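Number of protein chains: 2
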Amino acid sequence: MKIALAQINMHIGNFAGNLQKMLEYTAGAKAKGVDIICFPELATVGYPPRDFLEFDDFIELAEASIAELAKAAHGIAIIVGSPSRNPVPEGKDLYNSAYFLAEGNIQFVQHKTLLPTYDIFDEYRYFEPASEWQVLEYKGKRIALTVCEDIWNVGNENPLYKVCPLDQMMPQKPDFVINVSASPFAYDHMDERIHVLGANVARYGMPMFYVNHVGAQTEILFDGGSLVMSPDGKVFDELPYFEEVMKIYDLEEVVKGGRQVEQTKEKMPLIHDALVMGLRDYFGKLGFRKTILGLSGGIDSAVVAVLAARALGEDNVRVILMPSQYSSDHSVNDARELAENLGVQYDIITIEDIYNSYDNTLKPHFWGTTFNIAEENLQARIRGMLLMAFSNKFGPILLNTSNKSEMAVGYGTLYGDMCGGLSVIGDVYKTEVFELARYMNKDGEVIPENIITKPPSAELRPNQKDSDSLPEYDILDPVLYHYIEQQKSPQDIIEMGYDEKLVRRILRLVNINEFKRYQTAPVLRVSSKAFGMGRRMPIVGKYLA
Amino acid sequence: MKIALAQINMHIGNFAGNLQKMLEYTAGAKAKGVDIICFPELATVGYPPRDFLEFDDFIELAEASIAELAKAAHGIAIIVGSPSRNPVPEGKDLYNSAYFLAEGNIQFVQHKTLLPTYDIFDEYRYFEPASEWQVLEYKGKRIALTVCEDIWNVGNENPLYKVCPLDQMMPQKPDFVINVSASPFAYDHMDERIHVLGANVARYGMPMFYVNHVGAQTEILFDGGSLVMSPDGKVFDELPYFEEVMKIYDLEEVVKGGRQVEQTKEKMPLIHDALVMGLRDYFGKLGFRKTILGLSGGIDSAVVAVLAARALGEDNVRVILMPSQYSSDHSVNDARELAENLGVQYDIITIEDIYNSYDNTLKPHFWGTTFNIAEENLQARIRGMLLMAFSNKFGPILLNTSNKSEMAVGYGTLYGDMCGGLSVIGDVYKTEVFELARYMNKDGEVIPENIITKPPSAELRPNQKDSDSLPEYDILDPVLYHYIEQQKSPQDIIEMGYDEKLVRRILRLVNINEFKRYQTAPVLRVSSKAFGMGRRMPIVGKYLA
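Taken in order, these protein sequences are the chains called Y and L. First residue of the first sequence? That's 4 in this note's numbering, and the numbers climb one at a time after it. First residue of the second sequence? That's 4 in this note's numbering, and the numbers climb one at a time after it.
What the hints contain is simulated information worked out from the structure, not anything from laboratory work. Check the hints yourself; a few may be wrong.
No distinction is drawn between identical chains; accordingly, a pair holds when it is met within one copy or between any pair of copies.
[Unchecked claim] Calculated cross-link-like contacts (lysine-lysine; reagent style DSS-like; alpha-carbon spacing at most 25 Å): (1) K24 / K545; (2) K545 / K237; (3) K293 / K532; (4) K396 / K468; (5) K293 / K366; (6) K237 / K259; (7) K270 / K33.
Please read these numbers as outputs of a predicted model, since none were measured by experiment.
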């Protein structure tokens, strides 16, 4: 039996596009004698469709896609994720289902049992869990069909859940397991996936075919990395990351096993490639081609510029250098050198005249006050406004260049450097931004060395350095990581050896700056806990604030 | 038996403040011979605490509050909502619980069964549902203790749920029901609540005491309106809306019944008072006193200015009039008249010089292009920047003045008129803004008549009117309502008699402007479906786009 895993890039709500893509892969697989082609979870509608699922019309369109796919299921069977309706009034209106289409019909539907409702996931908002488990039969083989999280409670060891769908199916003696997934990327998530598949194979002793979504849906990145595991617990194959691809496997070969094929897993290359894909899909799926960003001469905008050029091509990237009286010469020179290295269009626009016009207009109202955050922010906001003017005039989408460390502590100007349609490195701590820059330079200097080595500065007043008002990043970042990713208490972090006053100050800064993050662009998610939909915090709250 | 309902205003994560308040009410009630005092759902931590619940430290603080409250429970019993830990590893880590404290101890805990996971609610993200139901006994009475949603599945008629907690408790023959709630405001929600209590009383034939949260938690407003219903199905009492209050009831009197006391329920007064409370609590709980906003001479900023003056006092409101060359004389005059009516500080700052400085700076780059959205947005953004400069210099918080109609179709400038820490009328359609203005003028003209009667205009180019680019609001608003609140399909709306092309254009505008709403301030929620945490839409999506 030949099984194809089609690790495809869906587009939420793009029914025609998703269907067309699946029909093409199906035709291709059929021509190669494939028996069953497998598409990811909710492939008709894209993942996560969020509250579109509450529109009856949206579900009808998904049903129409399934009907069309069923028509193509002749001489080949199709497994595909799509919502289905709960026929009884009790419970949620929908199931998150895996369809088995063959001989022109829907032959079988297995609903998802374990509905992730944490971090970025809201599945219980929409879906009723399965309460029946059937193994399906096709061409003499018995197949246990599961949807994503369903295989993440091996033998009921995951405390989140009380049912183990495969345990339920085992009495029906399946020959192998197929899992259709939409499992998002995090730089440390691939090993977990292999571990979980391994635990399933160890328990059930049968091969598993795991097909994952690839591509970006705004902030949520899917790396693909679909897996085939043999009964010997070895990874028969791991599909490439960040790439749409279909691969065909012979069941007998997989059963035989003895093969270990894994993709390399290194943090910086993974983050780099994930962000490039995130950028490319954001633009591609919204129908945009061109981007613009401000180059300050600092490392954040430098790294974003490189990512943009690699994702969209240098011809589609335009950068603006906007020095003020507080900008150092080397900043402008460094930024220009980077732009030239990348081969992107750049302009230098001094903001002094505009700044002075604000100063003049505000003078009668600000009389008797001294230069403070108001004047600092004016500079950042003038830059944001100039970039938005270019965006509105010529159409390029502005990229936000804030890093995770500054987003965490609110070290950024709302409506200034926090402008932009997409936050590219908002889930990358400052110390990781440095690592990423070094990685980008591994085959030759792209980012001028001086940008990497000079002390970080916002350059909004004379001789300003980040470290004037923030702790050094090699202390700040681990404290943030323990609080944000690890959800440690202040006491826990202090006991690790960090200064108590500093820890309390940092955690307070994180919590009181929720209002700024609320108004920030969506953040490409590369860690297990990113700002945005996976981290939901009150604004008016007093905890640690 | 004397029962007190303490309809209190909690503050999320403000453990000391919430505890202090409850201790004071408890002492007051005890002095009046109260047997049981009831506080709302999750009263120790405030509602909704969101992902703070994932911090072990946060739960410890809640437990400490309960321990302190228990110490005060001498000569009086306390019923209070607070999270509790799930003692077994299976399932979510927490329960959403109602504690019964008496004689210095936790005497009983009943967990919440029905966990709303829709709209603004994420309870299944955090909580395990109850699977045991006990009636508690105190001073010879048997009490069925329930938490909020637990009474919203009367006789299992709510399709969302499969258990009816009171049905489970009835074999234990309770004498009456107590429900601790945090049920958010929507202008049409009060009648539903009375209806649900009535259905429970009709089914079980016993009195109900329902205590609700009052106050605002950022965007989520709680109106209070706590209820006491007699076995005859009459409303024995309904507590005032938008007011922290404790009231004491004699159980025998309630059982006797025959009394019908309801608050008046009219849409505009309710919305008005809800928004005033929302503003007051946003500032009060964040520790801010002063606000600033731009007065354009249009109706939106006028209505927000009146609300701000009523919520914070005219001395705490400052308005800036920022005419450009496209502003009509009457706009400035109308705005000034309004400021004088309100008695708030106002300044007039022309933006022409700043605009010209942008124009000069951008001229070499914009050469050969014509005036378009870029120049329009520049004006809106200069205004936003000036307001933010005042905010940064003197500390007042900027209010956003966008209405729901323009937020829906994206008729606003990101980082311009969409600036602000809180969106005051972002859940109020334009046609409702007019109604609200009329209501504000009911006891004498506050908002100059001309502001209400002139055709809406953004005044960003000569003789501009909203109706140049948008349908008239009396068509736009009902179409938006059917799509947003009622989740109708385009076909449904067209069949109601609206023009097909217009409907498709409006729905497309709603969906393609998700990126703008993503970066907007939190919106005070007054309807059953507001933009923000209760409406979760993909940005990169193609449905109806």
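We went through each hint and held it up to the structure:
For a Cα distance limit of 25 Å, the shortest separation of K24 from K545 across copies, 15 Å, qualifies, whereas the shortest one inside one copy, 49 Å, does not. In this assembly of identical chains, K545 and K237 lie within 25 Å of each other by CA distance neither inside one copy nor across copies; the values are 50 Å within and 40 Å between. In this assembly of identical chains, the alpha carbons of K293 and K532 never lie at most 25 Å apart, being 29 Å within a copy and 35 Å across copies at closest. For the homomeric pair K396 and K468, the shortest alpha-carbon distance between copies (22 Å) is at most 25 Å, but the shortest distance inside one copy (34 Å) is not.
Proximity of K293 and K366 under a CA criterion of 25 Å is satisfied inter-copy only: 21 Å between copies versus 39 Å inside one chain copy. Taking the shortest alpha-carbon separations for K237 and K259, only the intra-copy value of 11 Å comes in at or below 25 Å, while the best inter-copy value is 74 Å. Taking the shortest alpha-carbon separations for K270 and K33, neither the intra-copy value of 37 Å nor the inter-copy value of 61 Å comes in at or below 25 Å.
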